[in-house]
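Peer 1: Sequence:
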Amino acid sequence: MQTFTENKVTTKAIASHISAIISALGEDVNRQGLERTPERVGKAFQYLTKGYNEDADAILQSALFDSDYRHMVVVKDIDFYSLCEHHILPFFGKVHIAYIPNGKQVTGLSKIARVVDVYARRLQIQERMTTQIKDCIQRTLNPLGVMVVVEAEHLCMKMRGTEKQNSITTTSDFTGAFNRPETREEFLKLIRS
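Under this note's numbering, the residue at position 172 of the sequence shown is numbered 172, and the numbers go up by one with no gaps.
Any given hint could turn out to be false.
What the hints assert, rightly or not - Quick list of in silico lysine to any residue cross-link-like pairs, SDA-like style, CA-CA up to 20 Å:
1) 94 / 73
2) 12 / 37
3) 12 / 44
No wet-lab data here; the hints were simulated from the structure.
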């Protein structure tokens, strides 16, 4: 597991803006309970957006193994947490990924989950994150095909606006062999089981 290192200059810059926001809301930023909140938020935002400082392609390339395997590899139920770029509120859920190796190499399964984290730990929209994950795996592994399905709950829909508590958003993207309906259906059956 990669460790996170805080940038103290960035923490201070974010904290000054958070102090101004807290004051604009009518709160006393110096009262007990809030006095260290700007600094904590500065640290938290750096952690929650650490994907900007990580290279997803390099992560996959760090664990490539020769293999003549040419059947579907599925990694499902990968938990993720992200921040919606429109309201900076969390969205979270599960990512399901399949790829069909080209008969030359496969990657370590944990690296696929790490790719999800790289793209989730940015200000995001679900649709873009889905495509970024797919593109990274396709570009780096050059498989016969990739499919990504993301299922997420968005707090911007639950806490504000429409306030729909039970809504789930599903996105998908695919390449190559997954253009065939029967291949997509095989993947969807596997993630439902």
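Peer 1: Hint by hint, which ones does the structure fall short of?
Peer 2: none
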